[in-house]
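Novice: Sequence:
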Amino acid sequence: MAGLALKLLKKEELEKIRLQIIPGITSATACAALLGAPIMHDFAVIS
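Residue numbers 64 to 110, in this note's numbering, belong to the letters of the sequence shown in order.
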């Protein structure tokens with residue numbers, strides 16, 4: 064969603080505001096970490 068936010072903001076607006084983009088993780092990865100990482104090496108998530 065960061066790409067969409069950057070695309071919708073005008074150049075003048077980007078100079079006036081402070082924008083911080085924080086990458087996240089998918090819920091599948093977060094749940095796997097809680098369960099002891101059952102996701103194997105050939106796992107892929109398509110969003």
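A couple of the hints might just be wrong.
Said to hold, decoys possible - Ranges of calculated distance between the beta carbons of each label pair, as one might list FRET restraints:
hint	residue 1	residue 2	range
1	E78	H104	42 to 50 Å
2	F106	I85	20 to 28 Å
3	L82	F106	26 to 34 Å
4	L98	L72	34 to 42 Å
Worth flagging that the hints you see were computed from the coordinates, not collected in a lab.
From the three backbone atoms N, C-alpha and C, an ideal C-beta is built for every residue, glycine too.
Novice: Hint by hint, note whether the structure agrees.
Specialist: Status of each hint after checking the structure:
| no. | hint | result |
| --- | --- | --- |
| 1 | E78 - H104: 42 to 50 Å | 44 Å, holds |
| 2 | F106 - I85: 20 to 28 Å | 23 Å, holds |
| 3 | L82 - F106: 26 to 34 Å | 32 Å, holds |
| 4 | L98 - L72: 34 to 42 Å | 38 Å, holds |
Every hint, counting from the list given before, is met by this structure.
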